[in-house]
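K.L.:
Please arrange chain B on chain A, whose structure you already have, making use of the hints.
2 protein chains.
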Amino acid sequence: MTFELTKEYLEHIQLAIEERDETTLRADMAELYPADISSILYELEPDRAHYLLNLLDQQVGADILANLDPAVRLDLLETFSSAELAPLINEMDSDDAVDILNEQPIRIREEVIALLEDREQARFILDLLHYDEDVAGGLMQKELVKINVNLTVNACIEEIRDQTEDVEKVYSVYVVDDADVLLGLVSLKRIVLARRNAKIADIYTRDILFVETYRPVEEVAEIMQRYDLDAIPVVNVQGRLLGQITIDDVVDVITEQADEDIQAISGLSGEVEEDDNIWARSRVQLPWLVAGAVGSLLAATVINGFQSQLSKIAALAAFIPIIGSTGGNVGIQTASLIVQSLADTSGLSTTLSQRLLRAFLVAIINGLVVGLMAGTYTFLIGEPRLFWVVGLSLLAVVMLASFMGTITPLLLNRIGINPAVASGPFITTANDLIGIGVYFTIAELLLAEV
Amino acid sequence: MTFELTKEYLEHIQLAIEERDETTLRADMAELYPADISSILYELEPDRAHYLLNLLDQQVGADILANLDPAVRLDLLETFSSAELAPLINEMDSDDAVDILNEQPIRIREEVIALLEDREQARFILDLLHYDEDVAGGLMQKELVKINVNLTVNACIEEIRDQTEDVEKVYSVYVVDDADVLLGLVSLKRIVLARRNAKIADIYTRDILFVETYRPVEEVAEIMQRYDLDAIPVVNVQGRLLGQITIDDVVDVITEQADEDIQAISGLSGEVEEDDNIWARSRVQLPWLVAGAVGSLLAATVINGFQSQLSKIAALAAFIPIIGSTGGNVGIQTASLIVQSLADTSGLSTTLSQRLLRAFLVAIINGLVVGLMAGTYTFLIGEPRLFWVVGLSLLAVVMLASFMGTITPLLLNRIGINPAVASGPFITTANDLIGIGVYFTIAELLLAEV
Chain A
1 MTFELTKEYL EHIQLAIEER DETTLRADMA ELYPADISSI LYELEPDRAH
51 YLLNLLDQQV GADILANLDP AVRLDLLETF SSAELAPLIN EMDSDDAVDI
101 LNEQPIRIRE EVIALLEDRE QARFILDLLH YDEDVAGGLM QKELVKINVN
151 LTVNACIEEI RDQTEDVEKV YSVYVVDDAD VLLGLVSLKR IVLARRNAKI
201 ADIYTRDILF VETYRPVEEV AEIMQRYDLD AIPVVNVQGR LLGQITIDDV
251 VDVITEQADE DIQAISGLSG EVEEDDNIWA RSRVQLPWLV AGAVGSLLAA
301 TVINGFQSQL SKIAALAAFI PIIGSTGGNV GIQTASLIVQ SLADTSGLST
351 TLSQRLLRAF LVAIINGLVV GLMAGTYTFL IGEPRLFWVV GLSLLAVVML
401 ASFMGTITPL LLNRIGINPA VASGPFITTA NDLIGIGVYF TIAELLLAEV
Chain B
1 MTFELTKEYL EHIQLAIEER DETTLRADMA ELYPADISSI LYELEPDRAH
51 YLLNLLDQQV GADILANLDP AVRLDLLETF SSAELAPLIN EMDSDDAVDI
101 LNEQPIRIRE EVIALLEDRE QARFILDLLH YDEDVAGGLM QKELVKINVN
151 LTVNACIEEI RDQTEDVEKV YSVYVVDDAD VLLGLVSLKR IVLARRNAKI
201 ADIYTRDILF VETYRPVEEV AEIMQRYDLD AIPVVNVQGR LLGQITIDDV
251 VDVITEQADE DIQAISGLSG EVEEDDNIWA RSRVQLPWLV AGAVGSLLAA
301 TVINGFQSQL SKIAALAAFI PIIGSTGGNV GIQTASLIVQ SLADTSGLST
351 TLSQRLLRAF LVAIINGLVV GLMAGTYTFL IGEPRLFWVV GLSLLAVVML
401 ASFMGTITPL LLNRIGINPA VASGPFITTA NDLIGIGVYF TIAELLLAEV
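Quick mapping for you: the protein sequence lines, in order, are chains A and B. Residue 307 in full-length UniProt numbering sits at position 307 of the first sequence, and the numbers go up by one each step. Residue 252 in full-length UniProt numbering sits at position 252 of the second sequence, and the numbers go up by one each step.
One should not assume that every hint holds.
Note that the list lumps identical chains together, so a pair holds whenever it fits in one copy or between two copies.
[Unchecked claim] Once the Cα atoms are required to be at most 27 angstroms apart in a straight line, the calculated DSS-like pairs of lysine-lysine come out as:
hint: 1; residue 1: K169; residue 2: K146
hint: 2; residue 1: K7; residue 2: K312
hint: 3; residue 1: K169; residue 2: K199
Keep in mind the hints are simulated off the structure, nothing from the lab.
Looking at chain A on its own, in the form it has when it is part of the complex (with noise of 0.2 angstroms):
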């Protein structure tokens, strides 16, 4: 039922577009949601992209460009007007149109502000632009339902209908004072219900959830997914309602936070898609590639400091892999149970020597074990005098990379740098050399011939 962009119906639009046929194009996107016909614009050069867009339906343009690829949308802008952009920008809901046009030099913002023929949504916009991205005054819209609390049942169907033009999908009225105080909210479905002459006092929703512009974007998608709501009003300091976050915006913040970490984790530096080109891919892969051979460097010139100890036993380096993976492992596992305990807001919050504790704890258990594998493995080749350099470097090592783990995500979280960089090559990297540090000192210690 759900639309799959195949190589034929490409190639099939490709030849309308060159041939300019209208018509067959008008016909087929009439068939396709948005959603579909972007995956199509995707495929396209910029000036055929441009082309197709500039036949659709203005209110379809502007909801197809307010939900693409943003460097999509950067290289397809590029072939556009101020002229032809601004009418799109006219029929997009208020965080859309700041959203694109903030991703646009100032003086297109500005000509394009200029030319909007609704000096509403202008003023919309005007407003909205002061806020950073990562606030909740970034996420909100203008537009939404607002009702002063002394009208009626019927007055407030009307407001609906006047209101509604701008609104796509109404989830519920906002009750407000003369002020603009927001003071509760009316459910469609109550309306829909009253009897025309009741009066909204009487049937609003009082002590309702809201917050303030100033919010992180992370704490408003937190809120709305702990309460279920699917839209939250936005008020300023005084309490004056000035927009609403709705859950479809909040599903890309969830989504692109989910994102993020696991870039971290990953070791990439920053966005890329598989299909990029070969050097922004590069780009992106190199800066933590770099840093990871600069760690191990630093390992290499400690082995390297015992290299006459390795000529003597030479079994030595047969261990250098296994302190290195495991400590590498033990970090990335902890640092990632830690960035999900501080995603994790409900309850009470725990202590850092809690945490250091509980960590201590599962090391010994973990760190045992492998280092008894490890130990039972110098016997297999023959090397019993590694036994227990082998096992207690193990231990060791395990114990420390459980420390990195936990206190890494936590420092980083304080100072503001998202805390799953922890899990990624940096942390992985760290305990790599720690381990190698900590198993040649070990052997020094306990190998007297060495």
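P.N.:
Here is chain B on its own, set in the frame of chain A:
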């Protein structure tokens, strides 16, 4: 504005529970949202949580139970008799009721269903128990508002009045024919604004999106996100309307998926929280640690086979860490990009050969950079004869790791395993092992004297 649980407040509640001070507890709980009461329940012993839950309004209690963490809920419900559970299940949306009953032993499940006062709810639950939890049928709720296409707006409002007793949030009214086949929907906004004697047939929206009961939940989440839907109707193969899936359930699916991915990448073999007991944590961490250790001990066996070369050129050991960690890092990065591209179903899908070619080209750039870095380092430590060995090995390792990182998630995905596993310790260890093999083989080939 939002509630945050403090230690003092928790102690106050604990004391009130001990003293069986119902007045205080009822007054305190009346001021909180269900989600906030949940955060208190998380911190209480099961029998105290039971006592508190029983003091609440049944609808609130049902809400809380529906949204509790399953592990906590399981402990809590062990203190409930079937007769105590039934009235709560009675008040829930059918999808939540089924989730809870599915966690219970069959005997309790059947007792509770037999005890339900609302026989419609019992029928709903029996219907839903058929479905797996990972398909649309397992995510849907039976509660919805539907109307026959031949009725008027006035009749529709009466239907809403009758049907919404059970329905918490009304997203839209589904329009069906006499055989209950889904035809379309009417938004509440449209109903509010329509004339009371207008016919539904004249105002409803046709061609709406729906899903069949057997669609995987990931697909449902993707569709609702792509098309910005608040709810989607679920139909059977004959097109009969069976239920609906609402956005809050899908948000949970999206969050769970992201958590699962991060878990897989971090090498945690199952769900666990940072503050779970140390045995639970160890059980989840150990499988991949042990698997990693086995891999590293295989690498140790390889290194051990080159003992004589190592005793002659001890500096060879110094490069073991960079070979291992570079392979691991490149593998994770590449696998993550592939996993990400698998999740993105818009646009044309890429062929395997296109993917491999891109991975190959990026690997050449990255391999040359890291190889040159390590090559330069051989001069710094006075071992220039290792330049080509180390440089070429790293180039080869980066290329092999890119290949593995591309192919493994695709294979896992094909056989139905979460491809994010390929970014975890599995691929890291595999690359570590392969890297060591390549390194010593190249060393043997290039260094005549070893």
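K.L.:
If any of the earlier hints don't hold here, list their numbers in rising order.
P.N.:
Checked against the structure, the only hint that fails is number 2, while the rest are satisfied.
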